[in-house]
Amino acid sequence: MAPVGALLRAVRRYNTSMWTFIHKLGSPPWFFGFSGSLVRWLLPITVTLLLVGAIWGLLVAPPDFRQGNSYRIIYIHVPAAVVALAGYYVMAFAGAVSLIWRIRMADVTMRAAAPVGAILTAIALVTGAIWGKPTWGTWWVWDARITSMLILLFLYLGVVALFEAYENKTAAARACAVLSLVGTVNIPIIYKSVDWWYSLHQPASIKFTGESAIDASMLYPLLLMIVAFYCLFVLALLLNMRAELVWTHRESGWLKQLVGDT
Amino acid sequence: MYFESLASVWYMDGHGFYVWLAYALTALPLVFMVWLPIKRMQQHWRWLQAEQRRAAAATANQASVMGSDV
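As they're listed, the protein sequences go chains A and B.
Count along the first sequence from 1, then add 566; that gives the number in my numbering.
Count along the second sequence from 1, then add 41; that gives the number in my numbering.
Quick caveat, the hints were computed from the structure, so don't treat them as lab data.
Each residue gets a CB set at the ideal place from its N, CA and C atoms; glycine is no exception.
Any given hint could turn out to be false.
[Said to hold, decoys possible] Below, in silico cross-link-like pairs of lysine-lysine (DSS-like), each with a Cα-Cα straight-line distance of 30 Å or less:
#1 B:Lys-80 with A:Lys-773
#2 A:Lys-735 with B:Lys-80
#3 B:Lys-80 with A:Lys-699
[Claimed, not checked] Listed next, the stretches of chain B that the computed footprint assigns to chain A, with coverage defined by at least 3 CB atoms under 8 Å from CB atoms of chain A:
#4 59-66
#5 78-90
[As the list claims (entries may be wrong)] Cβ-to-Cβ under 7 Å is the rule here; a few derived chain A residues that face chain B:
#6 Ala-662
#7 Leu-665
#8 Ile-685
#9 Leu-805
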C-alpha cells in the first residue's frame, strides 16, 4: 500500500500547490511579478514559433492536390479561428469568476481578453474571405460557420464597447460579464455549424478521435501554428493585463516601490 | 522547400496575391496587438517615474524652505 499512500500524498500536495497558485493569481503584486518573468520568456518563444510555422507552411509544405497553393492560408486562418474560440472561453470564465466571487483580477482578465479575441476573430474572417475568393469564387457568403463567427466578433466588440459605455466601472464589469456569459451559447453553434448546416465551409480536417483528413506533411506546420497562436494569445493577454494594472494601481505602495527601483 | 525560385514563391501558381495578402493582413494586427500594450505600459511607467521625481523635488524644496527659516 506504500505506493498508493505516496501517490495520494503527491496528489494532495499538487492540489494544495495548485490552489495556492490560483489564490496568488488574484493578488496584483504577485501577478505582476509572475507575469513579468513569463512575458520575458514567452515573447521570444512566440516570435520563433510563428516564424518557423509560417515559413514551414508557406515554403516547405506541399501544395494541396485540389486547391493548389491557396490552401496555405490555412496556417493562419485555422489557428486564428481556434484561438478566437478558446479566448472566448477564457473571457466568459473570467466573467463568471468576477460575477460569483467579485475578484478584481478576474475583471481585468475578462477585459484584457476581449480586444485580443476580437482581433483574432477578425483575422479568421478576413483570411477566410481571401481564401474563399480563389476557392469558392466569392469573398463572402452567409454560410452558418461564417455568420456565427461574425456574431463572435460582435460579441467581443460588444464587451469592449459596453465597458466604455458605463461611468461606474464596477457596474460595467458586471454587465460585460453577463454579456460574455450569454454569448457562450454561440460557441457550440460555431463548432457544430459545419455539420448542422453544411453549405460552403468545409468541415474540420483535424479530429481528436480518429484519423485526421490531412497529411502529416501539412498537419505538423498547422499544429505548430496553433501552438504559436495560443502562445500569442497568452502573451497579448498578459501584456494587456500588465498595462492595465500599472495604471489602476498607480497609488499602491508595491507599484511605487517597483517604479522607484527602476 | 517546395518552390524552386523566389519568383515562384511570389507567384504561387497564380495564388500568390491571395496568400500574401492574407499573411500581410494577419501579420499587421498581430504585431499591433503585442506592440500596443507594451507601448502603453512604458508610457504609464514613465509617467509614474516622473511623478515620483516631482514628489521628491517638492519634498526637497519644502525642506530647504523650512531650513532657511531657522
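Cross-check of the supplied hints:
A hinted pair counts as satisfied when its Cα atoms are at most 30 Å apart, and B:Lys-80 with A:Lys-773 does not qualify at roughly 40 Å. For the hint linking A:Lys-735 to B:Lys-80, the alpha-carbon distance of about 24 Å falls within 30 Å, and the restraint holds. Taken as a hint, the B:Lys-80 and A:Lys-699 pair is broken in the structure, with Cα atoms around 36 Å apart against an allowance of 30 Å. Here the region 59-66 of chain B counts 6 residues with a CB under 8 Å from a CB of chain A, which clears the bar of 3, and the coverage holds.
Counting residues of the region 78-90 of chain B whose C-beta lies closer than 8 Å to any C-beta of chain A gives 8; at least three are required, and the coverage claim holds. Interface hint at A:Ala-662: violated, since its Cβ lies 24 Å from the closest Cβ of chain B, which is beyond the 7 Å cut-off. For the restraint placing A:Leu-665 at the interface with chain B, the shortest Cβ-Cβ distance is roughly 25 Å, beyond the 7 Å limit, so the hint is violated. Interface restraint check: A:Ile-685 against chain B, minimum CB-CB distance 5 Å, threshold 7 Å, status holds.
Of the supplied interface hints, the one on A:Leu-805 holds, with its beta-carbon coming within about 4 Å of a beta-carbon of chain B, less than 7 Å.
Hint compliance for this structure: hints 1, 3, 6 and 7 are not met, and every other hint is.
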